Each structure stands twice: as structure tokens, then as C-alpha cells.
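Asks: Dock chain Z against the given chain C, drawing on the hints supplied.
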Amino acid sequence: MELLTLTAQFEWILGKSNYWASTVLLLIGLHAMISKNNLIKKLIGMSIFQTGIILFYVSAGAKHGAQIPIVHYGHDSHESHDKAAHAAEHAADAGQQVAEAAAPAANHAANHAADATHTLGETLYVNPLPHVLMLTAIVVGVATLGLALAMVQKVYAAYGSIEEDEVLDAIADSTADSTVDSTVDRTVKGTPEA
Amino acid sequence: MMDQMPTILMLAPFIGAVGLSLLAWRRPAAAMPVVFGALAITVLAAVLTLREVLANGTITYLLSGWDRLPERAAGMAVGIEYKIDAFNALVLVLIPAIALINALYLRTRLAVECAGKEILYAILYLLLVVGLCGMVITNDAFNLYVLLEISSLTSYALIGIGRRRAAHATFNYIMTGTIGASFFLLGVGYLYIQVGTLNIGDIHEALMASSELRELASIKVAAMMIMAGLWLKMGLFPLHGWLPNAYRYAPTATGSLMAPLVTKVMVVVMLRMMVSLFGLDYLFAELNWRPVIVGIACVAILAGSFFALAQRDIRGMLCFLIVAEVGYMVGGAWLGNEAGITGAAYHVLSDACMTFCLFLAVAAIILRTGEHRLSAFRGAFRKMPVAMAAFTVGALSMVGLPPTCGFFSKWYLLIGGVEAGQWHYVACLLISSLVNAVLFFRIFEIALMKVEVEESGSFDVDALPEDPEDRWERVPVGTIVAMIVAATAVLTIGLLNRPIASFIATWIGQAVEVAP
Numbered sequence: 001m002e003l004l005t006l007t008a009q010f011e012w013i014l015g016k017s018n019y020w021a022s023t024v025l026l027l028i029g030l031h032a033m034i035s036k037n038n039l040i041k042k043l044i045g046m047s048i049f050q051t052g053i054i055l056f057y058v059s060a061g062a063k064h065g066a067q068i069p070i071v072h073y074g075h076d077s078h079e080s081h082d083k084a085a086h087a088a089e090h091a092a093d094a095g096q097q098v099a100e101a102a103a104p105a106a107n108h109a110a111n112h113a114a115d116a117t118h119t120l121g122e123t124l125y126v127n128p129l130p131h132v133l134m135l136t137a138i139v140v141g142v143a144t145l146g147l148a149l150a151m152v153q154k155v156y157a158a159y160g161s162i163e164e165d166e167v168l169d170a171i172a173d174s175t176a177d178s179t180v181d182s183t184v185d186r187t188v189k190g191t192p193e194a
Numbered sequence: 001m002m003d004q005m006p007t008i009l010m011l012a013p014f015i016g017a018v019g020l021s022l023l024a025w026r027r028p029a030a031a032m033p034v035v036f037g038a039l040a041i042t043v044l045a046a047v048l049t050l051r052e053v054l055a056n057g058t059i060t061y062l063l064s065g066w067d068r069l070p071e072r073a074a075g076m077a078v079g080i081e082y083k084i085d086a087f088n089a090l091v092l093v094l095i096p097a098i099a100l101i102n103a104l105y106l107r108t109r110l111a112v113e114c115a116g117k118e119i120l121y122a123i124l125y126l127l128l129v130v131g132l133c134g135m136v137i138t139n140d141a142f143n144l145y146v147l148l149e150i151s152s153l154t155s156y157a158l159i160g161i162g163r164r165r166a167a168h169a170t171f172n173y174i175m176t177g178t179i180g181a182s183f184f185l186l187g188v189g190y191l192y193i194q195v196g197t198l199n200i201g202d203i204h205e206a207l208m209a210s211s212e213l214r215e216l217a218s219i220k221v222a223a224m225m226i227m228a229g230l231w232l233k234m235g236l237f238p239l240h241g242w243l244p245n246a247y248r249y250a251p252t253a254t255g256s257l258m259a260p261l262v263t264k265v266m267v268v269v270m271l272r273m274m275v276s277l278f279g280l281d282y283l284f285a286e287l288n289w290r291p292v293i294v295g296i297a298c299v300a301i302l303a304g305s306f307f308a309l310a311q312r313d314i315r316g317m318l319c320f321l322i323v324a325e326v327g328y329m330v331g332g333a334w335l336g337n338e339a340g341i342t343g344a345a346y347h348v349l350s351d352a353c354m355t356f357c358l359f360l361a362v363a364a365i366i367l368r369t370g371e372h373r374l375s376a377f378r379g380a381f382r383k384m385p386v387a388m389a390a391f392t393v394g395a396l397s398m399v400g401l402p403p404t405c406g407f408f409s410k411w412y413l414l415i416g417g418v419e420a421g422q423w424h425y426v427a428c429l430l431i432s433s434l435v436n437a438v439l440f441f442r443i444f445e446i447a448l449m450k451v452e453v454e455e456s457g458s459f460d461v462d463a464l465p466e467d468p469e470d471r472w473e474r475v476p477v478g479t480i481v482a483m484i485v486a487a488t489a490v491l492t493i494g495l496l497n498r499p500i501a502s503f504i505a506t507w508i509g510q511a512v513e514v515a516p
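Heads up: the sequence lines are chains C and Z, in that order.
Per our numbering, residue 1 is the first one in the first sequence, and the count goes up by one each step.
Per our numbering, residue 1 is the first one in the second sequence, and the count goes up by one each step.
These are calculated hints, taken from the structure and not from any lab test.
It should be emphasised that the depicted structure is a prediction, and the values quoted were computed from it without experimental measurement.
Heads up, the beta-carbon is just placed ideally off N, CA and C, and yes, glycines get one too.
You may find that some hints are simply not true.
[To be verified] So these bits of chain Z aren't anywhere near chain C, every CB distance computed over 10 Å:
hint, residue
1, Met-2
2, Ser-21
3, Glu-52
4, Lys-83
5, Leu-153
6, Ala-167
7, Met-175
8, Ile-193
9, Met-208
10, Asn-288
11, Val-292
12, Ala-389
13, Pro-403
14, Trp-423
[Unchecked claim] Derived BS3-like pairs (lysine-lysine); straight-line CA-CA distance at most 27 Å:
hint, chain 1, residue 1, chain 2, residue 2
15, C, Lys-154, Z, Lys-117
16, Z, Lys-83, C, Lys-63
17, Z, Lys-220, C, Lys-16
[Said to hold, decoys possible] Quick look at which bits of chain C chain Z covers, simulated, 3 or more residues with Cβ under 8 Å:
hint, region
18, 45-54
19, 137-151
Chain Z extracted, bound-state conformation:
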């Protein structure tokens, strides 16, 4: 039973989704229990897998028992292989856990925002989790592409199910997403033609073994295409055009699921491509792309921060902050030293938690006040203390104050930047932190000081929701629990910085040791 955990992890949400579509088509009441049940099993399986990995090291799982070929046939993989190392296992716990906690919030919103489509939404929600987990767990390049498309297709639908403006935003996302995934597929094709296998570990070994292969232009083109495809998918500036509108006009529960997870999982895939597929030696010793990519990341950080500063819409502001955070992670990963990659991997975890925290709190505040602009925060500390407490924790983490996780991951990124001598990256990180501070302290000021404006009743009537029944009198218990858990996670990941960092360092160490 224990050694089947990797498949149980993938199958639980998948069977949940298929079961819903077959058995519960006309029973919207079944949607949420199935989502909770399936995700709870997934979280449990992921935690058990993590424990196993901690005890016995990396797990390799050959799907449906397709063994590797014998030595005389180069020992290549035949079927699809799952590979769970230390970092993967952590991300695998994170994905279903965030989806499960977000389901507490989704429960209160499903019937309101997706009336008549509850079952469809629940199916897509579970399939998105399958796609995201699959991208992290699989060790097969083409399988990775398929799961990338599964998560993309479900996220297009999860966004498009939303309000009027969502349709056009989704169309743009489909266009960009398809180009990104196709570039990835093309890159995998180049690798396959040159190396003759799709298994990520086998491709890596072949690249390490033969210097002729490494010098081929087509391998370089493959690296370029895979990276470009992933950057499109994660929304690295200037390829971020689809991101703000898509997350802003999506149903609120979609926003709070996708904003923390989708871009971050793409960063995880990029890290795996860098560390496990091409290998750091190849990328940094033989290709000299570091100055260019760190430069792009710097521009992304600055552009994201200043666009966020210019936004008056709260969710729009958070979306541009994501653009800046993607810049942090891509820049950190391409610094090419251990501290930088540790920082990038750590920032994946911490950014997922703090973005989740912020999106939940903001969704609660918007729904309570009916306002989309910063003025929604008037008197918020008194009206909704829990939401504002969660918001404060998330905001302080974005700014980078200890003991929140944002401080520690940014610290590793800074060390990496200093060690690599990339001073412009260091400067951009610091400037962006200052901009975040301005951004969030402006909100705190509104929340603390502008109470009397709210009391005098000068609310913007236009800003109320179409349906007055939609306004909450109070924040539901489920959302409060979700916010508390998210805020606790931000603090916990911060306080556990030492074990997590050493964990990630071991992961990088193992990956480098494999390379001769």
C-alpha cells in the first residue's frame, strides 16, 4: 500500500472528477463533499509520500510496472516514470493542501458565482489539481506536456466560467497558453530526435555522457524553446499580458486557487528542467545566458512592482505583484549558484502561501464591502479583524519582514545575487521590497485612518454588487478558517526556514552529484 502512494495521490482527485461527471450530473449538493473527500485523500497520500522520501530518499515509481529495458539496450525507460525527490515531495503536499483549504472558501461561493454549474466547476477544480500534481511528479517530458495542457485547459475553463469580462480575458489566455505549450512541445521534440528518449533522467544522462551532443545547436534550441514556453506560461514580463485580466475577472475562488499555484508550479517545472534535465553545468558553463535572463528578470521585478503601484483595483494590484514575484524566482534560479536556486525554490513555497493568504483576505473584503478599489479597506481593521490580520501577515511577507516566509526566501535570493555579483538584481529586489512597503502601508493607512469616511455613509453606490443579496453580513466560518490556516502557513514556513533551506540544498546537491 505504501509504495502505491504516488499513484493514489494522482488518482484520488481524478476518480473524484470522473465520478462526479458520471454519477452526480444533476446533484449539485454532491459537488463539495466529493471535492473535500478527494482532496483530503490526496493530501494524506502526499504527506505519507513526503515521510517516505524523508526516510528513504528519492522514490522512483514505474507506472503500471513497465520496467526499464535491460542493460544491453542502454537501460532506457519504456513507460512513464514518476520521480519524487525531496523538493517535489514538498510541492506535492503544498498543491492539494492549498486546494483543500481553498475549497473551504469555495463552498460558500460556489452556488453564488457558478449557479447551475456547480458540478462542472467541481470537476474542473479537481482536474486542475491532477494536472498540477502531475507536472511536479512526472519524470517524462511528453507526459509533462500532456499534464501541462490538462492544467491549462481546466484553468481556461475555470476562468471562463466567470463574469462577462472573463470571456475575452480567457480567449487571450488560451492564445498565449497554446503558444507556450506548443513551444515546450517543440523543444521536447528536438530533444527526442537528438537523444532518442523522453525520460528526463535518461536525457540528462545522455547529455552528460556525450560532449558532442551538448555542443549540438539543436539542444540549445531545445533549451531555448522549453524555457520560452515555460516563461509564457508563468507570465514572465514581457510575456505577462494574459495574467492580470485572467486572474482578476475569474470567479473569486478560481483566482485564489490559481494565483498561488499555477505560476508557481511553472517555476517548479522550470527548476526541474534546469536541474534535472539540462543540468546546471550545461546551462551555466556552456551556455552563457545568465546576463540576459537575469536582466529580463530585473525588468520584470521593476515593471511588476510599479504597475502594481499604479493600480487602483485591489485584485489588479495583487496580479501585478505576481508578475514581480515571477521575476524574483526566474532571476534567482538563473543566478546559477546554490543560494540563488535555493532562494528560488524556497520562494516558490513562500510565495504560494502568501499569495494565497492575500487573495483570500482580499476576496473576503471585496465581498463584504462590495468595492473593488483600495477604498474598500476603509475601516477594515475594525469591521473584519480576521481578514485584515491575514492580509497583514501576507502583506508583511510580501514586503519581506521577519518572521514571515517572504523575508527568508528573499534573503537567500539576495545572498545568491551578491555571490554571483549580479548587483542590479540585488538592487531590483530591494527597490521592489520598498515599493511593496509603500503599497501595503498605503492600504494600512486607509484601513486605520479613514474610518470616519465610511461612517458618514459616502459609499460609492455604483460599486455595490449587482445582486444585493450577494453581500455578506458576516464572513462565513469556512473562509475565516481558511484565512487563519493560510496566515499560519506563512508564519510556519518562515519559522521553519532552516530545515526547509537545508532540505532544498540537499535536493540541489543530489541533483548535482548525479552529474559527473
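Next up, chain C with everything else stripped away, as it sits in the complex:
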């Protein structure tokens, strides 16, 4: 009983642990992207940052004890009724064990199971849309990472380093010494011409 009141007090952390986790990941990633000197470490930060967002979306679509969202065609009604009822029971069990926030949903699910026939009630299956969206976002993340790695290779080929300060020094040197890279960068030298 005391444990329950304790968990109720910290409901704003425990009940939303997924959001807290994704926020922490976002901040870690952002920190690495901004403050790390090594280009590869910056990219690792970028991956963590994107993973934080993926976690945010995926956890938003999840429900305790819910099934995959596939409608059972070709089975007799009895079987699918059993499945639905079983899922609802499971949901109710899970709901009591964890934070109270989940309980109303589980009760609702249990009520719903009574009249579930051919299709599953909306509380019995997870929302598939965020997961599908994140498949696309993961693909985008992979493409970005690949492109960024290619750019790091190009930077290394040009300046012989992947430490940002050394790269910037090399760029400044090549600017000052115009024979090295004469066409590219003449802004800093800036001889008065007007």
C-alpha cells in the first residue's frame, strides 16, 4: 500500500518514463553534436538525437497488453472472441501492476472484450501509425548518417584530420597561404582593391 502511494507521488516521472527517457537522449545527443570536437563523435551524437525522437514516437503508439493491429479473417467468431477476451485479461493484469494511469484503459479494454466479436476493440491493439512513420524516419536517419560519413571522409582526405579545431586551422592556413588553394578562399586575405 505504501509503495502504491509512493508511486502515485512520482507518477509524473514513472508514468511518463518513456518521455523522460527520450528527452534525456535528445539532450545527450544535442550536447554531443554541439560540444564535441571530433567529427565522428558529433555524428554519434546525431544518431542518439534521432534515436530519442524515434523512441518518443514509438512509445506514444504503445499500449499495455495490446496486440498487433491485424484483423482475424477466416476464423470463426468463437476463436477471435477468446483471443480478444484473453488480451483484455492480460491488459487488466498489466494495468494493476504498473502506474495507475494505465488502469482506466485496461478497465475499458475489459468492458470492451465482452462485445468484441469479429474485430478487435480499439483499445486492444497498438496504434500502428507512429511505428510506420518511424520506419521512414529511420531510413532518413540512415541516409543522413551515410552522407555525413562520406563528408567526414572528404574532410579527412582534404585536411588529414577529423578533429574540428585542426580542420579549421588547416582551412585558415590554406586561406592565408594563397598558393595552396588559390581559387577557393580569398576573403580573409582581403587586399584593399577599391
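Replies: Relative to the frame of chain C, chain Z by itself:
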């Protein structure tokens, strides 16, 4: 056939890109014909769509026929929806048209600047057009994010394909761009969790219908994140760090495609988010962000102008002018009255044309003289009259002299500033115009007066390109045509100011009417 125009518009460059990658991998000669063909079809489809919109009003296109749910299920959209209203249709013509005209210039540079990568460059070029058009046409928030990433990824590659310094500039752009797009995605996630749909129109209706929803902190956070993401992407000061180097070190044809289009399309997306997603009532009546954002825009205008004044590199100067122009448009949009938003939307069109004009002319001049600094303009009026004529038109438009389009869009922005009582914004616009005048008349002075220096042969030898064969004896015909068309567009959009402004006003009016 007519009602399929929105998809044909999107598919033509996409099929062109896929076809090139599958069939023409080892045939660089195929690159340019496919680019021209695909973009010509896109322009044609966009013009037909515009005509349709003018005749019959807004087009709603349900992709692959996924109908909306029946009324009892709240009538929500299931699939992706395209929505083309008056303003979208105009921008949709503008994007492929600029890409097509720029391809005339690209044709002469492709084999020189991207030797051995012609096909890859052409594929990326077409995909960038797909991404940009898609962002304007789609009415689905997540689809918008995907297309935003498509256009970002292609533009990273189009920049990174360039010279030695381009690699590091691209890396910075990737970092900033990813943060921007991720913030946008996070904002969309907040909206989705609260509202339960991704369709921009449905989200807007839900927000309008329920005042509880509007008061939620998470909707405000969503608005903040979406705006911050878009500002990063468009390079609003102080988030502009990636922009100048990326556009400057990119291949010249990339610069003249991206500088006019990418930041401007981001402004279009911001305007759509403001007008069609959150709604002006919500943004200006319930959130009081206007003073802050107009203030940031003012700083952006001043900073962009003065940084531009300090540049000795011509393209660097133009890049900082873009930073200032982004300030114009964001400030105008957040003035929150009709004149301000009309000005911002109009300025999207006119700024795209004049930036395009300036970048083309400057690229021609740099390639002809081999100089990157302002001294390249010595005697330019006599040596390359067409390029300088185009440059002059673009420059006068930047300064804001009639009858160029820059004057009229700035006029609406000024009226908006006065009506909203944001005098510091008005002052910044005027100061920036004066700085632009100083900037460009200094160049005209060099171009007209410093002829003898050039004749005495005191050219800076270091400034010649690595490969002397790279220098042009004359400007190719394609580039001349491109410059003439761009300069004509600047003047035409200026002369058609009345229909365009009333057009945009109708668009805003329709968007506001939808809101109860």
C-alpha cells in the same frame, strides 16, 4: 488527365531521376536531356494546375484514392492529401521554372565542375526539385517532414560534390539541418499525440473547434518546435551559420539553384504552418510572440546587411544578403496583419527571382574574370553587357527601386509594419535598403570607373582558376538566355504587382474564412 496534374507534376522529375539511375549510369551525355525533359513536363503540369486553380479554386487531391473516413469516424483523412491553393500553385510554377532555366546554365558547367559525376549530379538535381515541390504541395505534416529531408539530403550532396572547402561546409550544414528537421518532426509528434491526425487541414479544424486543445501547453511547444526547426532550415539569424559557406563553396550551378529556392521554400512552409495549420487567430490572439519574433527578424535584417557590407567576396556578399532577406520575410509574416503576410508571400516570389538573377550574373562574371572579389567587376559593363544588365536589374530590385519586384514586395512589408505599429521593423527595412544601395552602387562604381586598371594588366595572378582552360572566352548562349529570362522575370513580377497581390490576399482571405 487534367485532374491527375498534381501527381504528374511530382512524378516527372522523380521518374527522370530514377530512370537516369537505372538506365543511364554510364552515359553522361544522357544527363542534360533528361533533366530538361523532366523539368519541362513539370513546368507544363504546374502551369496547367495553376490555370485549373484560377478557374475552379483550390484543388484537393487524395493520393492513390484513399478516401476520407465517413462522417461517423470524424471524417479524418486516411492517406496523404495534396492541396493546391492559389499561392501554392504560384510557388509550384516558380520552383521547376527556376530549376529549368538554371539547367541552361548547368549544361555549360556540368562537365567542368562535376567531371565524372554528371549522372549523379543530374539525379540529385531532379530529386531536389521533387523535394521542394512536394513540401509546397503536400497537406500532410509527416509527409512534409519526409520531403523536407529529401530536399535536405539532396542539397547536402549537391553542395558536397563541390570543391575542397565544400566538404566541411556541408558537414556543418548536415548537423544544423538534421537538428532543424528533427525539431520539426518532434513538433509534429506533439501535434499528433494531442490531435490524433497528421492532416494539416484536420489539425487546423480540431484546433479551431476546441478551446481546451488550444490552451494545452503541448500545442504551444509544438508550435515553438516547428517554428524553430524551420528557422534553422531557412537560416534566420542567429541560426544562419551554415548558410554562407555552404552556398559559396558549392558548385556554381548548385549555388544558383539553392540560393533562390531552398530558403524561400522554407518560408513558404512557415507561412503555410502559420496560416493553414495553427491559424492566424491562434498564433496572434492566444500566443503573444510577435514582439520577440519581429525583434529577431530586425536583428537578422541589420546583421545580414552589415555582414554583406563587410564581405570582399562577391558570393559571400550575396549569401549574407540572403540572411537579411530571410529576416524581411519572417518579420513580415509575424507582423500578423494582412499587408505583412501579403508582403512576405510576395517577397518569396520576388526574392527567388532576384537572387536567381544575381547568382547567375555573378557566376558568369566570376567564371569570365577568374576573380572572386569585388575587383572582378572592373570594366564589367563593357566586357559582359548582358551579365551586367541582369546584375543591374537584380541589384536594383534588392535595393528596392520601381518597377522591379523588390520595390513592390518591400512596399507591402512597409505598409504591414506601419499598420502593426512595429516602427523598429520599418526602420530596419529602410536601413537595410540603404545599405544595399551603398553595396551595389559601390560595385557599379567599380564596374564603370575602374576600367583603366584592368587594361593596364594588373590582374591578380593568384586569383586565376587552377585550370586556365576553365576560363571562358565568352559567356555561353545558354547562360545568356538564362540571365535574360531571370531579369525579365524580376521585371514582370514587379509589373504584375496588382494581380499577384490580390491573388495572395485572396489566399489569406480564404484561409482565414475557413476559421470560424
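Asks: So Leu-153 (chain Z) supposedly isn't at the interface. Is its beta-carbon more than 10 Å from every beta-carbon in chain C?
Replies: violated, 6 Å
Asks: Mind checking the alpha carbons of Lys-154 (chain C) and Lys-117 (chain Z) for me, to see if they're no more than 27 Å apart?
Replies: Measuring from Cα to Cα gives roughly 15 Å; hence the hint holds.
Asks: May I ask you to check that Val-292 (chain Z) keeps its beta-carbon over 10 Å from the closest beta-carbon of chain C?
Replies: holds, 22 Å
Asks: Compute the least Cβ-Cβ separation between Ser-21 (chain Z) and chain C, then decide whether it is above 10 Å.
Replies: Check passes; 15 Å lies beyond 10 Å.
Asks: Would you check whether the claim that Met-2 (chain Z) is not at the interface survives, using Cβ distances to chain C and the 10 Å cut-off?
Replies: holds, 31 Å
Asks: Are 3 or more residues of the region 45-54 of chain C near chain Z, judged by a Cβ distance of less than 8 Å?
Replies: Our answer is that it holds, as 4 residues pass the Cβ test (under 8 Å) against chain Z, meeting three.
Asks: When you look at the beta carbon of Ala-167 (chain Z), is every beta carbon of chain C farther off than 10 Å?
Replies: At about 4 Å from chain C, Ala-167 (chain Z) fails to clear the 10 Å cut-off, so the statement is violated.
Asks: Against chain C, does Asn-288 (chain Z) hold up as non-interface, every C-beta pair farther apart than 10 Å?
Replies: It holds; Asn-288 (chain Z) is separated from chain C by about 26 Å at its closest Cβ, greater than 10 Å.
Asks: Report holds if the minimum CB distance from Pro-403 (chain Z) to chain C is greater than 10 Å, and violated otherwise.
Replies: holds, 30 Å
Asks: Say whether it holds or is violated: Lys-83 (chain Z) keeps its Cβ farther than 10 Å from all Cβ of chain C.
Replies: holds, 20 Å
Asks: Does Ala-389 (chain Z) clear chain C by more than 10 Å, comparing its Cβ with all Cβ atoms of that chain?
Replies: Check passes; 23 Å lies beyond 10 Å.
Asks: For Lys-220 (chain Z) and Lys-16 (chain C), compute the direct alpha-carbon distance and say whether it is at most 27 Å.
Replies: holds, 19 Å
Hints 5, 6, 7, 8 and 16, counting from the list given before, are not met by this structure.
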